[in-house]
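Residue numbers are given in this note's numbering: position 236 of the sequence shown equals residue 231, and the series is strictly consecutive.
Keep in mind the hints are simulated off the structure, nothing from the lab. Be aware that one or more of the hints could be misleading.
Within a straight-line C-alpha distance of at most 16 Å, the following computed EDC-like cross-link-like pairs (lysine to aspartate or glutamate) qualify [stated by the list, open to error]:
1) Lys303 - Glu314
2) Lys101 - Asp71
3) Lys122 - Asp43
4) Lys303 - Glu313
5) Lys85 - Asp103
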Amino acid sequence: MKRKMSLVKQFSISSFIVISLLGVVLALTFSVFFEKQVLNVSAERTADLVNIIVSYSLRPEDFSQPMSGPRLDAIDTVIRENITNEPEMKLVKIWNTQGQIIYSNKGDLIGQSFPKESDLKEALAGKIVAEIADMQKPENQIDELDPSRRYIEVYVPIRDKASGQTLGVFEVYREADNIYEYIANGQKFGRFFIGISFLVLYLSLYQIVKRAAKTIEEQNVAIRRLTSRLDETMAAQEAIHVGTIKALMSALDAKDHYTAGHCMRVTDYALLLGRAVNLPQERLDLLEEAALFHDIGKIGIPEQILNKKDSLTTEEFEEMKKHPVIGAEIIASTRVFAEHAELVRHHHERYDGRGYPDGLKGEEIPIEARIMAIADTYDAMTSDRPYRSRMSKEKAINILLDCRGTQFDPQLVDVFVELIR
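Given only the sequences and the hints, what does the whole structure look like? Please build it.
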């Protein structure tokens, strides 16, 4: 048999999986975020450089056509002295709004037009853009750019100083190996920090759950001990109740000698009929025990009524009708016989609803109580009573048949008659 996994072990496994997954997701998210932030910082610094140096050197009319002559030489000098003088700055382009390159430190590109990619469109719309250079793009396949290395492309909008309107875009290719080394180191540190943080979180939660599990286990032990003591107490009380019921049956036998033998015979008849209609064994056990003390309530009926040799008066009969209720109350006082109490209470109900004490009818009456009613009546008719002698078996059977569907369940009567004939 497999042992059930402990609470602490369940938590250890499940929380480790969840925290590990969260850590991986957070580490990946951080890596992407950190890379984006570094690229944005690089873009902002490039934009500051362009705005301070390049923008002030350009005129609106420079963007109308590709630069040439003295104007090209002047801008080229500004770019070479302030931008490409830094080793990592490899290529510069200045675009106009038509997607034409009006200047580049790679002279062959001047005057060429290329389809407007999304990054160029964003820059023309006024946004600073930084991205990893796609070395497969035709405009990037030039000698100045080594395809084995990584570059950052930065696009900076160039605006008219007077109107603020975008005149074009300044694009610079920056060698990114040192930047990516910085990014990689930052990502490693971030992943390490996240890993340590989640490990500390896991260990802290583990200790909390471990202490809680220990407390719960101690409480469970205390509860089991208390439950055991309560069970012992209840068992002792049940034994007292059962003993009390047996004592009452003995007292009833002394009070009314007929009742003891009658209960035994009713039990035999009831079991005979119960087996014939295929009651489950647990219901047969219930039927047997309920039938044995179905008349225990007669202990509360005056002896002069129980042993009266004449017919009972209306008042006396009303008193006698109380015995199912008294019996049920006695039986219900113990947990062992709680379910039996219902059968004891209803063994004088009639199938047509005119019985007592509750006037139940048909299948509202438990089947065991319907069986007991037939067995009780048949034995009463075929036994000597203080007020009359027993009647013949055939006469008793005829009375049962006459009462099919009124006093008794008709199907049960038919089965019972077949059994005893």
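Problem - Hint consistency between Lys303 and Glu313 [alpha-carbon to alpha-carbon, up to 16 Å] - result: 15 Å, holds
Handout entry: Distance restraint between Lys122 and Asp43, which requires alpha-carbon spacing of 16 Å or less
Key = Holds, at about 13 Å.
Problem - Hinted pair Lys101 and Asp71, Cα distance within 16 Å - result: The given pair, whose Cα atoms are some 10 Å apart, holds under the 16 Å limit.
Exercise for the section: Would you check the hint for Lys303 and Glu314, treating anything up to 16 Å between C-alpha atoms as holding? Expected result: 13 Å, holds
Exercise for the section: Would you mind confirming whether the straight-line C-alpha gap from Lys85 to Asp103 stays at or under 16 Å? Expected result: 15 Å, holds
Checked against the numbered hints above, the structure breaks none of them.
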